[in-house]
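Asker: The chain contents come next:
Number of protein chains: 2
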Amino acid sequence: MLPSEATISSNGNAREYEARAALMRAADVGDPIMGRLVLQYGPSQAVEAIRARTLPPEFTAKEAQQERPPDLTARLNVWYARLASSNPTADLEEGEKAGARLVIPGSPEWPTQLDQLGASRPLGLWLHGKADLRFSCLKSAAVVGARSATPYGTHIAAEFGVGLGEAGWTVVSGGAYGVDGAVHRGTLASGSPTVVVLACGVNVCYPSSHEALFAAVKDQGVVISECPPGVHPTRARFLIRNRLIAALSRGTLVVEAALRSGALNTAAHALTLNRYLGAVPGPITSAQSAGCHKLLRERKAVCITSPEEMIDLVGVIGDDLATQTRPPAVPRDSLNEATRKVLDAIPTRGGAGPASIAVAAGVGLDTALSALGGLAAAGYIERTTRGWRLRKQPSSYLKAPESDALEPPPIPEPDPTDVPPPPEDFPPTQSAYQPSEAPWPG
Amino acid sequence: MLPSEATISSNGNAREYEARAALMRAADVGDPIMGRLVLQYGPSQAVEAIRARTLPPEFTAKEAQQERPPDLTARLNVWYARLASSNPTADLEEGEKAGARLVIPGSPEWPTQLDQLGASRPLGLWLHGKADLRFSCLKSAAVVGARSATPYGTHIAAEFGVGLGEAGWTVVSGGAYGVDGAVHRGTLASGSPTVVVLACGVNVCYPSSHEALFAAVKDQGVVISECPPGVHPTRARFLIRNRLIAALSRGTLVVEAALRSGALNTAAHALTLNRYLGAVPGPITSAQSAGCHKLLRERKAVCITSPEEMIDLVGVIGDDLATQTRPPAVPRDSLNEATRKVLDAIPTRGGAGPASIAVAAGVGLDTALSALGGLAAAGYIERTTRGWRLRKQPSSYLKAPESDALEPPPIPEPDPTDVPPPPEDFPPTQSAYQPSEAPWPG
Numbered sequence: 001m002l003p004s005e006a007t008i009s010s011n012g013n014a015r016e017y018e019a020r021a022a023l024m025r026a027a028d029v030g031d032p033i034m035g036r037l038v039l040q041y042g043p044s045q046a047v048e049a050i051r052a053r054t055l056p057p058e059f060t061a062k063e064a065q066q067e068r069p070p071d072l073t074a075r076l077n078v079w080y081a082r083l084a085s086s087n088p089t090a091d092l093e094e095g096e097k098a099g100a101r102l103v104i105p106g107s108p109e110w111p112t113q114l115d116q117l118g119a120s121r122p123l124g125l126w127l128h129g130k131a132d133l134r135f136s137c138l139k140s141a142a143v144v145g146a147r148s149a150t151p152y153g154t155h156i157a158a159e160f161g162v163g164l165g166e167a168g169w170t171v172v173s174g175g176a177y178g179v180d181g182a183v184h185r186g187t188l189a190s191g192s193p194t195v196v197v198l199a200c201g202v203n204v205c206y207p208s209s210h211e212a213l214f215a216a217v218k219d220q221g222v223v224i225s226e227c228p229p230g231v232h233p234t235r236a237r238f239l240i241r242n243r244l245i246a247a248l249s250r251g252t253l254v255v256e257a258a259l260r261s262g263a264l265n266t267a268a269h270a271l272t273l274n275r276y277l278g279a280v281p282g283p284i285t286s287a288q289s290a291g292c293h294k295l296l297r298e299r300k301a302v303c304i305t306s307p308e309e310m311i312d313l314v315g316v317i318g319d320d321l322a323t324q325t326r327p328p329a330v331p332r333d334s335l336n337e338a339t340r341k342v343l344d345a346i347p348t349r350g351g352a353g354p355a356s357i358a359v360a361a362g363v364g365l366d367t368a369l370s371a372l373g374g375l376a377a378a379g380y381i382e383r384t385t386r387g388w389r390l391r392k393q394p395s396s397y398l399k400a401p402e403s404d405a406l407e408p409p410p411i412p413e414p415d416p417t418d419v420p421p422p423p424e425d426f427p428p429t430q431s432a433y434q435p436s437e438a439p440w441p442g
Numbered sequence: 001m002l003p004s005e006a007t008i009s010s011n012g013n014a015r016e017y018e019a020r021a022a023l024m025r026a027a028d029v030g031d032p033i034m035g036r037l038v039l040q041y042g043p044s045q046a047v048e049a050i051r052a053r054t055l056p057p058e059f060t061a062k063e064a065q066q067e068r069p070p071d072l073t074a075r076l077n078v079w080y081a082r083l084a085s086s087n088p089t090a091d092l093e094e095g096e097k098a099g100a101r102l103v104i105p106g107s108p109e110w111p112t113q114l115d116q117l118g119a120s121r122p123l124g125l126w127l128h129g130k131a132d133l134r135f136s137c138l139k140s141a142a143v144v145g146a147r148s149a150t151p152y153g154t155h156i157a158a159e160f161g162v163g164l165g166e167a168g169w170t171v172v173s174g175g176a177y178g179v180d181g182a183v184h185r186g187t188l189a190s191g192s193p194t195v196v197v198l199a200c201g202v203n204v205c206y207p208s209s210h211e212a213l214f215a216a217v218k219d220q221g222v223v224i225s226e227c228p229p230g231v232h233p234t235r236a237r238f239l240i241r242n243r244l245i246a247a248l249s250r251g252t253l254v255v256e257a258a259l260r261s262g263a264l265n266t267a268a269h270a271l272t273l274n275r276y277l278g279a280v281p282g283p284i285t286s287a288q289s290a291g292c293h294k295l296l297r298e299r300k301a302v303c304i305t306s307p308e309e310m311i312d313l314v315g316v317i318g319d320d321l322a323t324q325t326r327p328p329a330v331p332r333d334s335l336n337e338a339t340r341k342v343l344d345a346i347p348t349r350g351g352a353g354p355a356s357i358a359v360a361a362g363v364g365l366d367t368a369l370s371a372l373g374g375l376a377a378a379g380y381i382e383r384t385t386r387g388w389r390l391r392k393q394p395s396s397y398l399k400a401p402e403s404d405a406l407e408p409p410p411i412p413e414p415d416p417t418d419v420p421p422p423p424e425d426f427p428p429t430q431s432a433y434q435p436s437e438a439p440w441p442g
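Those sequence lines, one after another, are chains A and B.
Residue numbers for the first sequence follow UniProt numbering, so the first one is 1 and each next one is one higher.
Residue numbers for the second sequence follow UniProt numbering, so the first one is 1 and each next one is one higher.
Just so you know, these hints were derived from the structure itself, not from any lab.
Please read all numbers here as calculations on a predicted model, not as lab measurements.
Keep in mind that a hint or two might mislead.
Where chains are identical, the list cannot tell them apart; a pair therefore holds if satisfied intra-copy or between any two copies.
Capping the alpha-carbon separation at 35 Å, the derived lysine-lysine pairs in DSBU-like fashion look like this [what the hints assert, rightly or not]:
no.	residue 1	residue 2
1	K392	K218
2	K97	K392
3	K97	K130
4	K62	K97
5	K300	K139
6	K62	K218
7	K218	K300
8	K139	K218
9	K62	K139
10	K139	K392
11	K97	K218
Isolated chain A, as found in the complex (with noise of 0.2 Å):
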């Protein structure tokens, strides 16, 4: 799993990847400006450049042009005492002593998805850990969401990571606590590999407490990193970082995020790389999901409340779709329209005559005789001296007349305020007017 001497000379070019591990400690990450540099020149002629201090003429021509043309002798300076202070060739022996392999663009592993970010694309990325990031990467989802999560938010999000493990989908998300940490966890349990893109070196370990959780992580799936081994975290650096969480997985979930949080920065990326995104609500009560309904409020993201539906959300059309949510089924359900205007005119105490019944049910006294027998058979009413009332204890053996089920049905509660599940395109029960066009009258 090392770059080894193999890997690196079968893409033919070792001498790119001392080059690109140079430019991963003179740039900061992200740096679009080098980035055109090198999607322009190449890496090694990047390299060359900034030791010789002088940047190609028609660069430097073209940078005059951006909008807000950047500082170019002041970067160059920044680049060149940083390349002056560092070394490249140890930096990629010290990641293989670690353990970990610097996979550049062009790479077998390298996640083409990635070129998307156009001149933010990272340098390179070091990798550490047994899956394949290309190949995990292909069905994969990412979560994020608050480091100070609640208990709620880490149970979400556990149950998210196992979820999509057990579907076959892997995790990408950050190392930190709260969300982070408990959907890793959660894939893990699953035996799904897991994605943890670090803001700090693969070798640093931050925060420090998940050492076990990353030692799990290299096992089962993989920790990767744009910044050179060593290096450590920054509030700049996690902000950059984000833009790889989003454009890494097909689909964002952010589970809790405060209204000031890097879930939603995260968020933004995915929005921006037009990538799926889904938030999970929480109670309005609580300043941890305050970003998640904010981004359902601004219908940016979808409601997802299950693992199944974040999968119909990233998923393949077709493949991946998620059971519709369904109310459950009652034996009332399946009364007759008769039947069951007849069950509501029959009184809870007293009683009352076929007759009045009838009348009171709008049916004919014929139809509610028979209503009245099968009713009673089902053990819904009784017939005592003062006429048909409600039984108050159903039968534990309920079941609608006309059905045949063989499954005793659960006990009905007697609430009249329960309806049966509306229809599949949930029209009104009662859609016989026609609403005018304007939405209030005057």
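Assemble the complex: chain A is given as a structure, and chain B must be docked to it using the hints.
Answerer: Below, chain B without anything else, positioned relative to chain A:
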């Protein structure tokens, strides 16, 4: 507040009140055939036709052309039987004695937005309470939800009742346990009128333990029903009643609803009537929020997390805008970019000299020195024998070096994942790349 002789005669038609009271006995609530009969021939002629057991031939011919022609003879028999066993004059007297009043289309208190219901418009409404129904409903929102609400649901409902009421909005809801009761109590506490729409006669107390609540509503708002006095609630009446809750208000909010819930039926009525629809999210682990999440997921409802957001939804454009939820600001936000870069490059442990800080931060030495001075003065960093490092216990009067604020800002947490609030239009922090059109490569 009674339907006094004066009111009836000012409307010029005591006979119409009596005819409508009779028809309210004869027909099921919301019966569209009765609705069409009354719309075409007026209530008095309809009563005569039923008593004569002969519908106008043109009407019969027209009904036979309906997509699913109704059994008019059976319907007429039902109407006839019920009319024969009822006494509309006694109804009016009984209602008046109980302190209620009958309001019919054309009455000054008739809420004309109900005319949108077309043939299923109620034949009349019994009102009991001090508030004027038409005036109260001009600025009104329906708040509905589960009878078996969770403590979360009743808490939210009460909060919305108070919030809507304090902003001058009338609440419309049913009279059930759970969300209905809680939202009325909240609105009553705010001093605003509230409208209870019953599925039984206004003199029937269902559920009976809501007697004190309904008494309070009658004192400050109004209890209404389209059922004649003394009628008991049935399943069908609850469902038909829901269209009134949706039609009376400018928009409906679903606070909590299981997948099988009457609140979803009200929501469907609101959509059919082109009213606004909102849903309050909740924990995805709660079955009582599953219906709300379904509405959000299908983008039928807007995600509502505060009374202000509901008012923003149903209110007048420009007048009732909710303040946008905004992430909190922290002192660090006001640091300029170079200072932030320098702060990010300062180690937590040990220490670093200005030259290495400048290289790590990617700024010039002069910039670094000036930023270090400002950051030290503001209490972010401190100098040790080994160089500069972050202060472990930031001063409680920490402020940004450039800030002239007199108020001491809160202590920022030393959290590298803490991000500045996204700008208004929410672009990603790093937007240097141009995403391609394809949502996923290859």
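Asker: Now tell me, hint by hint, if it's right for this structure.
Answerer: Verification of the hints:
With identical chains, the CA atoms of K392 and K218 are at most 35 Å apart between copies only, with a shortest distance of 33 Å across copies and 62 Å within one. Taking identical chains as interchangeable, the C-alpha atoms of K97 and K392 lie at most 35 Å apart only when they sit on different chains, with a minimum of 34 Å there against 76 Å within one chain. With identical chains, the CA atoms of K97 and K130 are at most 35 Å apart within one copy only, with a shortest distance of 15 Å there and 83 Å across copies. When the C-alpha separation of K62 and K97 is checked against a cutoff of 35 Å, the pair qualifies neither within a copy, at 41 Å, nor between copies, at 89 Å.
In this assembly of identical chains, the alpha carbons of K300 and K139 lie at most 35 Å apart whether taken from the same copy (22 Å) or from different copies (30 Å). Proximity of K62 and K218 under a CA criterion of 35 Å is satisfied in neither setting, with 43 Å inside one chain copy and 76 Å between copies. With identical chains, the CA atoms of K218 and K300 are at most 35 Å apart within one copy only, with a shortest distance of 34 Å there and 43 Å across copies. In this assembly of identical chains, the alpha carbons of K139 and K218 lie at most 35 Å apart only when taken from the same copy (19 Å versus 60 Å across copies).
Proximity of K62 to K139 under the C-alpha cut-off of 35 Å is found in neither arrangement, the shortest distances being 39 Å within a copy and 59 Å between copies. In this assembly of identical chains, the alpha carbons of K139 and K392 never lie at most 35 Å apart, being 54 Å within a copy and 43 Å across copies at closest. In this assembly of identical chains, the alpha carbons of K97 and K218 lie at most 35 Å apart only when taken from the same copy (15 Å versus 80 Å across copies).
When each numbered hint is compared with the structure, violations occur for hints 4, 6, 9, 10.
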